[in-house]
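Undergrad: Single-letter residue listing:
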Amino acid sequence: EAQVTQNPRYLITVTGKKLTVTCSQNMNHEYMSWYRQDPGLGLRQIYYSMNVEVTDKGDVPEGYKVSRKEKRNFPLILESPSPNQTSLYFCASSLTSGQGDPYEQYFGPGTRLTVT
Amino acid sequence: DQQVKQNSPSLSVQEGRISILNCDYTNSMFDYFLWYKKYPAEGPTFLISISSIKDKNEDGRFTVFLNKSAKHLSLHIVPSQPGDSAVYFCAVPDQGGNTPLVFGKGTRLSVIA
Chain A
1 EAQVTQNPRY
11 LITVTGKKLT
21 VTCSQNMNHE
31 YMSWYRQDPG
41 LGLRQIYYSM
51 NVEVTDKGDV
61 PEGYKVSRKE
71 KRNFPLILES
81 PSPNQTSLYF
91 CASSLTSGQG
101 DPYEQYFGPG
111 TRLTVT
Chain B
1 DQQVKQNSPS
11 LSVQEGRISI
21 LNCDYTNSMF
31 DYFLWYKKYP
41 AEGPTFLISI
51 SSIKDKNEDG
61 RFTVFLNKSA
71 KHLSLHIVPS
81 QPGDSAVYFC
91 AVPDQGGNTP
101 LVFGKGTRLS
111 VIA
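Here the protein sequences come in this chain order: A and B. Take the first sequence: its position 35, counted from the start at 1, is 35 in my numbering, and no numbers get skipped. Take the second sequence: its position 17, counted from the start at 1, is 17 in my numbering, and no numbers get skipped.
Worth flagging that the hints you see were computed from the coordinates, not collected in a lab. Hints are not guaranteed to be accurate.
A short, non-exhaustive set of chain A residues, derived as facing chain B with CB atoms under 7 Å [unchecked claim]:
{"id": "1", "residue": "39"}
{"id": "2", "residue": "42"}
{"id": "3", "residue": "43"}
{"id": "4", "residue": "48"}
{"id": "5", "residue": "83"}
{"id": "6", "residue": "90"}
{"id": "7", "residue": "104"}
{"id": "8", "residue": "107"}
{"id": "9", "residue": "110"}
{"id": "10", "residue": "114"}
Footprint (simulated), chain A over chain B, 3 or more residues, beta carbon under 8 Å [unchecked claim]:
{"id": "11", "region": "38 to 50"}
{"id": "12", "region": "66 to 77"}
Heads up, the beta-carbon is just placed ideally off N, CA and C, and yes, glycines get one too.
Please model the entire structure based on the sequences and the hints provided.
TA: Right, here's the structure in full:
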């Protein structure tokens, strides 16, 4: 089954304790990205990657890191989490050709993070 | 400034009636528009899209209309069903083609049986 998986689905942590949220896709997609969803703000992009070893900042990258060492995985790293990073996080992937109409993005089920 | 605006945070419709969700955008260079649907505790799923060379795209009960002169698109669901109750996001590629999507804030649709 084609899917994007995220782990963990729920996480409660304390300020300053480094954490990683994993994301994996089995569709051989080049493009992967991370979003956060907050009430009244919709979905905002954190980071994206057009392919292996290629990453770029989205709209709200502060406080986050990513890496893309393999095509299928795109982990989101919070080196020193703070309460304002409490949010619902989504990973997404799609094909990309760089030209023409965009391909549909497939989203993971979400990770609900609480930082106290 | 928001590039994509969904000005109605919520909408309530009777089952069987038409639901109309609206989205306004600021950049006339946007060339492709997408709608996503999101249920609680799930990730968004792609629903329907439209290219700027068209003014209408239909897929079953879902139709998206694009008015380029008004920089406005709308999603029509007819007839509405209780299972359509979800949050709907419109999205555009930030710089056209296969570039990161910019999402609106979403509209929560409630279809009442």
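Undergrad: Would you list, in rising numerical order, the hints stated earlier that this structure does not obey?
TA: 1, 5, 10, 12
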